[in-house]
Structure formats: C-alpha cells, structure tokens
Amino acid sequence: MVTISLTHYVMLSAILFSIGLFGVLAKKNAVSVLICIELMLNAVNINFIAFSKYITPADFMGQIFAIFVITVAAAEVGVGLAIIIAIYRNNLPVDLDEIDWLKW
Amino acid sequence: MLVEFAMHHAWLVPLIPALSFLIIVFLTRPFEKLTAFLSVSFMAISCFFASLAAYGVFNNHELAEHPLVYNFFNWLSIGIPGANELQINLGVQLDPTSAMMLFMVSFVATFIQLYSVGYMKGDPGFSTFFSYVSLFAASMLLLVISSNLLEMFVAWEGVGLCSYLLIGFYSHKISAREAAKKAFVTCRVADFGLLLGILGLVITFGTLDIMELNDKINNFKEYTSYGTLTLLAVLVFIGPIAKSGQFPLHVWLPDAMEGPTPVSALIHAATMVVAGVYLVARMMFLFDAVPAAMNMVAITGGFTALFAALIAITQTEIKRILAYSTVSQLGYMMLALGVGSLTASMFHMWTHAFFKALMFLAAGSVIHAVHTPNVWKMGGIVKKMPVTSWTFVVGGLAISGIPPFAGFWSKDEILVATMNSGHYVLYAMGAFTAFLTAFYMWRLIFLAFYGKEKPENHPHESPWTMCVPLVVLAVGATVGGFFGMPWNNMWAHWIFFGEPHHAGHVAWGAMISSVALAVAGIYLAYRLYLKDTEKVKARQLAEKYQFWYQLSFNKFYIDEIFLWFNHTVVDGSAKLMYLFDIYVVDGIVNGLGGFARLTGDGLRVLQTGSMQNYALVFFLGVLAVTILMAFTGPSAAGLVLGGVM
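One line per chain: the protein sequences are A and B, in this order.
Last residue of the first sequence? That's 103 in numbering that gives the first Met the number 0, and every number before it is there in order.
Last residue of the second sequence? That's 644 in numbering that gives the first Met the number 0, and every number before it is there in order.
No wet-lab data here; the hints were simulated from the structure.
Some hints here could point you the wrong way.
Claimed, not checked - Over the 10 Å line for every Cβ pair with chain B, so calculated as not near, a few chain A residues:
hint: 1; residue: I3
hint: 2; residue: I18
hint: 3; residue: V23
hint: 4; residue: L24
hint: 5; residue: A25
hint: 6; residue: V32
hint: 7; residue: A57
hint: 8; residue: G61
hint: 9; residue: A72
hint: 10; residue: L95
hint: 11; residue: W100
Said to hold, decoys possible - Some chain B residues near chain A, calculated using beta-carbon distances under 10 Å:
hint: 12; residue: A515
hint: 13; residue: S609
hint: 14; residue: M610
hint: 15; residue: Q611
hint: 16; residue: F618
hint: 17; residue: G620
Glycine included, each C-beta is placed from N, C-alpha and C at the ideal position.
Chain A extracted, bound-state conformation:
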C-alpha cells in the first residue's frame, strides 16, 4: 500500500505543468493554447494546496490563493476568448503562426 505523500502531489503537478507548457509552446490553435494555459494554472493550484496541507496545515493560505487563481483564470479565459472571437469575426485565421502582428 503506497500512501500518497507530498512528493506525489508535486510530481503530478510537475507533469501537468509540463504538458500544459508543451501545449502552450507547440499548439497552433489559439483555443488549445488557452486550454493548456488552464492546465498550467491548475498544476500550480495543486502545488498550492498540497504544500498548504502538508507543510502548514494550520492555516488555509494555499487554498485561498488557489481560489484566487481560479477566479483570475476565469477572467483571463474570458478576455482570451473574446480576443479570439474578435479575430475570427474579422475573417482572420486563429492560427497562432499567422498572428504575429506584435512585431515591428
């Protein structure tokens, strides 16, 4: 019987974060990238809660922080999707390789 320890949580979080990071860097579709960013954020949330539970169980700072992250993430996704829709409405591709208007 393996007891679930802090290490497991941290490893799960690291794996999740890496998958998310890979998606952010490699995916061409903007919606997929947004989803991957969500993965990364949730990996962070897991970290927060795990550390909070195992190292400072007395206070709930990690949990509260995670709630904040979720809130901010929701807002961020809202803005991101709005931008994507705006681009789409202008009959432009939502392919990230094409969206390079920020350069000189």
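Place chain B on chain A using the hints.
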C-alpha cells in the same frame, strides 16, 4: 496742495503718455484729428504735472541732498523672505536732477508733438506715429524717475524699442529699415554690457536701489575689491556709450536721420541719447568711487566731442550735420561727467535740449519746404521763411556759445570744470571743438539760409503748429542759460554731486577765450561760405587737403571699419563655427543616431511577433534562473529542490 500731489504721484507723468499710447492704439487710430488732439493734450497734461512736481522740488532744498524716494508698485521679490530677499519695486526718485529732466523731457516732447501735427499731416501712418511718440515719451519719463536700476533698464529698453519703431517709420524705404536695425543692434550690443554691469552690482551689493547702492558704494571696501568695482563701472558705461552715441558706437545716430524729422528732434534732444548721459549721472557715485572709470568717461567724452565735430565740418546733409553736432555735444556732457561736474553736464543737457530740438524742428521745416536735405542746394531761404530761419539762427548762436544764449553758459561751465580738474589736454580738445562747432554750424546757416536764392526752390513758411514750437524753443534756447550764470549760479545750488560748488567765482579767462574761439569759427565760416559767393576758397581748401577732407567726409571710415570687421572677422568666425557645427557637432549627433539605428536594425530580428516564441524564451529564462539558484544560493536551492525532490 496740487504740488504735493504731483510730487507724491510723480509716476503719473510717464503714465499719462503711456495711457495715450494705449488709447490711440486701441480706440482712436482711425480718427486722425482726435488722435492728434488726444496725444498732444495728454502730453501737455503730463508736462503740467511734471512742472508742478519740478516746482515742488525746487522749493525744497532738502531734496538736493536727500531725494524723495517712494515705491508705487511692488513688482517682484526674489529669494528667502527676511534673509536675502531682493525686493524689486517700481519706484520714484525725485531730486533736482530728475525733476529738471522730467520737466525738460515732457516740455520738449509736448512741443515736438505739436509740431508733428503739422509735419505729419497727410501721412498714412499719422495715428501710428503719435502712438509711438507717446510711448517713446512715456519710456523716457519712466527712465527719468526710476529709483532702481532694473526699472531704469526696462525703460531704457523701451526707449530703444521706440527709437527702432520710429527710425524705421518710413518702412517702405530700405534705408530707413536698415537704419532702424542698425540703431537697435548697436544699442543692444552695448545694452548687454549694461545688463552685465547691473547683474554684477546686484550680486555684489545685493540691491538694485539707486540710493541704497549709493550708500553701499561709498564704503565699497566692505563688499568688494577696487578692481571689481572698476570692472562694474566699465560694464555699466558700455550701455551709455551706444545710447549716447559715444565713440566708437556713435554710428547709429547719424543714420537715425532716416526717421521723420520730429523723431530726430525727439531722439537727439530730449529722449534716447540723453538717457545714456543721465544714467551715468545717476550712477555718478559708482564712477566717482573709481578714478580710472572717471578718466575713461572723460576721455571718451572729450574724444567723441572733437571727433564728431571734425566729421560735421564736411557733411552736406542738413540733418546729418546736426546729428554729428549732437554726438559732439553729448561728448561734452560725458566729458563734464568724467571730470566730476554733474552740474555742468546736466546744465548742458538742459540747454542742449532746447537748441537742438529747435534746430532739428527748423531743419525739418526747411526740408518740408524745399524738399532736399542738401545744404548746397538750399540758399537764401531767410527771405521766404523768416520764422524758421531766425529761430534756427538763435539755435546756431546758442550752440556756438555766443553770450547770452543758453549754450554759452553751459559750454563755458564744462570747459571751466575740465580746466579746474586739471585735464588740460581735454580742455584744449574741448576748446578746439567749440571753435569747430561754431564753424560747422555757421557754415550750415550761411549755406542754407543766406546767400543766393536757388531758382528751383520755392520755399514757403510752415503752418502755425510748426512755427509755435520753434518760437517757444527759441525762447528757451535764449533764456535757458540764465539759470546757470557763473555769478549767480542757481543751477549749481540745486544740481551737484558731492559738494555744491559756490557761485561767485567767474573764470573770465575761459569765458573770453571761448567767446573768441566761437567768433573766430563764425568769421571763418563767413569768409568761406558767405562772402566768397562762389565758394572758391572752400573748394581750393578741400582740394589742397584732399586726404583730410575725404577722411572727414567719409566719417573717418568708421562704418567701413565696422563693415570690414563684420565681413572678415565676424563672418569668418561664423564660417568656422558653421564648419565646426556641420562636421563636429552634427557628426556626433548623427553618429549617435546612426549607432542607435544600426543596433535597432540588428535587434529587431529577435522581435518575431509570435507569442509562442516569447513564451519559450520566457520559460527558458525561468529555467535558467531556477538552475542558477539551485547551484549557487544554498537556502534558495534547498527550498526549490527540496520541494521537488
């Protein structure tokens, strides 16, 4: 009662013509008759106030030693209140000197304005002219009553500006525009020196107030060294050199003839040029503290007097002769100041204002009638224009120094003061100048007013508005000197610097010799230009001394020297500076710009615009920092790795 009021509100004197300037500019400009009436009457009111104030001052001998000083407007205060605060007020300093000037300026200005009504009739710029003249008088009157140097400097510049506007009044003529520019630039160059001097004084003594400066400079050793004070005096003197047409910055004055004649009269008699002499007179305590500066003033004055007289003897234009005679007379005033006689200087300024204004106005009347400024083309005018001619003759007698006319007393006073101070060379120069003055002035009179009539001229007497001022000024030029006769010297009783010198001592030797010189000058002019109807001898003399004649006729080539200096030295150094600017300064600036551009060109390749690239770099950066922390900082490494492992 009214006198008291005028004395304690002397700032009204400059304010009234300033108001008339504003009213003309903003309201009455289209109505010429109204403008003329307004301008002349305001000036007359101002003159009335000035004479009341002067009356008050000359009834209170206290004021000769302790001037009446008060402020009427708090302008600025600079610095920490209470500690080293510099309060700058607009104030009034009323003493016999300023009261005399106040009266003289407003009086002459009133009659010049009256004269202008006739002279400027039909000119398209009639109203503009009157507004400028009012502003001119206002600036000069402010300068006269100023109780501190900054106020004086403001008025000084106001006078300069108005002279620019008025000299260039006929702006359709290129020569007028050039003359206006020349006057302004010449004065500006010198004003820079004056401004530096004022700055130096305020830094050294911490005040701009003339009376306070007087007290502090009396024991200047507590504040500064002798050398510094000399430098300050010289700097202050640079301003008057140009303003009062002293050598070598006198060049603008003869060119100022381009303006309308009343302006020439105003510039030469009452305002502008006497401002410089007045400034030196006001700052007499500064110059008196440093004998070197005094000598400089005296030598500049004496040299200018002689130099300008030498030029005047060969000039052919009536106004130009008068202009050089002004330069010469101003030289006398400076000479008097330089030998320490404020009395003689102010006295000569007073008499000069009358006879010079008179002669300019008369000359204007003549030019108005015969339409040529050349004295050789005039002649025999006396029969057709008796008032103009006889008043001019009065002016000529006054400037030549024939008793009892005004100029005699004041010039004599200057010569005596010069001799008493031990400057014998300067005395000789002054006496010789007196001879030359009589000669060139009577040369002008004999050529223009007497002799054969020229058939092509049809002179006629001018209207009453032009004749009345001439007569009034002629009376002034006759009796103006009685205030300062040596055996009853009221003048010295009131206007003096240091100790008043006592009346009663009559220098008969100097008096008789100066009359003899004047008569000799007149006689020489008579022989050469009136008795000798064909002017054969004059021509022969000119040919015999060709070199000297040309030198004098071409004004000693001072203008050419300045031009040469401008063209070679100034333009040359400007060219050098231009090259320096183009190659060195621009090189550095453009080089820096080019460097930035090249770097930018290189670096912008990194800016792909693709978000994923940025994110990759960002992540790699975080990774790098993490690794760095893991291997270097023990505590940070423990935290990072301990969590992960």
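Against the structure, the hints come out as follows:
1. Separation of I3/A from chain B is adequate, the least Cβ-Cβ distance of about 16 Å exceeding the 10 Å criterion.
2. Non-interface status of I18/A relative to chain B is upheld: no Cβ of that chain comes within 10 Å, the nearest being about 14 Å off.
3. With 10 Å as the threshold on Cβ separation, the claim that V23/A sits away from chain B is violated: the shortest Cβ distance comes to roughly 6 Å.
4. At roughly 5 Å, the least C-beta separation between L24/A and chain B is not larger than 10 Å, which violates its mark as non-interface.
5. For A25/A, the condition that its CB be more than 10 Å from all CB atoms of chain B is violated, with the nearest at approximately 8 Å.
6. Residue-level check failed: V32/A sits 8 Å from the nearest beta carbon of chain B, not beyond 10 Å.
7. With a minimum CB-CB distance of about 19 Å to chain B, A57/A clears the 10 Å threshold, and the non-interface call stands.
8. For G61/A, the requirement that its beta carbon stay farther than 10 Å from each beta carbon of chain B is met, with the minimum near 13 Å.
9. Distance to chain B confirms A72/A as a non-interface residue, since its nearest Cβ pair spans about 17 Å, more than 10 Å.
10. A cut-off of 10 Å between C-beta atoms contradicts the statement that L95/A is not in contact with chain B; the least separation is 6 Å.
11. The beta carbon of W100/A is not kept farther than 10 Å from every beta carbon of chain B, the shortest such distance being approximately 6 Å.
12. Taking 10 Å as the C-beta cut-off, the interface hint given for A515/B is violated, the closest approach to chain A being about 94 Å.
13. Taken as an interface hint, S609/B checks out: its beta carbon lies about 5 Å from the nearest beta carbon of chain A, inside 10 Å.
14. Here the hint on M610/B is kept, as its CB sits about 6 Å from the closest CB of chain A, short of 10 Å.
15. Hint status for Q611/B: holds, given a least beta-carbon distance of 5 Å to chain A, under 10 Å.
16. Against a cut-off of 10 Å between C-beta atoms, the interface hint on F618/B holds, since the closest Cβ of chain A lies about 6 Å away.
17. Look at G620/B: its Cβ only gets to about 13 Å from chain A, farther than 10 Å, so that hint breaks.
Of the numbered hints stated above, those contradicted by the structure are hints 3, 4, 5, 6, 10, 11, 12 and 17, listed in ascending order.
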